[in-house]
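All chains should be built: construct the whole structure from the sequences, respecting the hints.
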Amino acid sequence: MTLASRAALLLAVSVLPPATAAVAADYEPPIYVEPAEEYVPVEVGSGWYLRGDIAYNFETRFKNTRAELSGDFSEFAPFFPYIPTRFDEKETPVFGSVGFGYHFNDYLRADVNLGLLPKDRFAIDGFLGGGCTLNCDLGVDIEQTYWTGIANGYIDLGTYAGLTPYVGAGIGVLYSKIEVEGEAAGVRAEFTDRDYNFLYTLNAGLSYQIAANTSLDVGYQFLSAPDAQFIRIDPDRVKVGEGIDFHQVRVGLRYDLW
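All the letters of the sequence shown, read from the start, carry residue numbers -24 to -1, 1 to 234 under mature numbering (1 follows the signal peptide of the UniProt record, and there is no 0).
Just to be clear, a hint being listed does not mean it is correct.
[To be verified] For each label pair, taking beta carbons as the anchor points, the in silico distance ranges come out as: (1) Arg170 <-> Leu84: 30 to 40 angstroms; (2) Asp169 <-> Phe198: 18 to 28 angstroms; (3) Asp169 <-> Leu233: 35 to 45 angstroms; (4) Arg37 <-> Tyr78: 28 to 38 angstroms; (5) Glu35 <-> Leu233: 20 to 30 angstroms; (6) Leu139 <-> Asp171: 17 to 27 angstroms; (7) Gly72 <-> Tyr136: 23 to 33 angstroms; (8) Gly23 <-> Val225: 19 to 29 angstroms; (9) Thr168 <-> Leu90: 13 to 23 angstroms; (10) Leu139 <-> Phe34: 17 to 27 angstroms; (11) Val194 <-> Ile147: 44 to 54 angstroms; (12) Tyr83 <-> Val194: 12 to 22 angstroms; (13) Val70 <-> Glu166: 24 to 34 angstroms.
None of these hints come from the bench; they were simulated from the model. Quick reminder that beta carbons are idealized off the backbone N, C-alpha and C, glycines included.
Written out as structure tokens, the structure is:
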């Protein structure tokens, strides 16, 4: 190797490390950015549901009679026996309720409902017999209305072939309004009684999911108000007492708010 070649090789070796260092100084490693977490909105009202029911009252039982007038109503007017000539009774067996509820888990839920119970209307006309000779007409009209506010709890017993049986119970308040209008011997009188009483319910039924958030609910409800006042008129007797039981078949829809 000639002197010139050796000098050139030595020069190349002496220049190479600074060049490599310069390249290394200019190198920037890639920056890795972690993807942002996907935004998941908070479910406002998750677990809540709305409900509406239509019910048919197939039996009403009046329990504790405090006073009763029967026969020819001679007890009502000892000297002027009452003789009925017309009796009319109208009952509205179909009624409804609306409310909202909450699913605590797959088996336990509860709801609060406001409802209107069957309304009764009685009308009886007649006249006073015996010694009555002037203004002997007598008539009585009675209307009874009941509203309810109930908190119910339910246990869903699992789902089988799309059907979910359940049992439940509840407590609440019965608001009663009894209006009486009467006229006897030309004298007219009116009376209205309003009261609040404790009530309880026992429930059983089945639900079936008919849409993503909607379920059909069919069930039976026993509703009892042990201290609720009532007036009951039949063609041959009048009863006044307390304690009413309602036996109902209910059909409703539940809409889940999620």
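**Request:** Identify every previously stated hint that the structure contradicts and give their numbers, smallest first.
**Result:** 5, 6, 11
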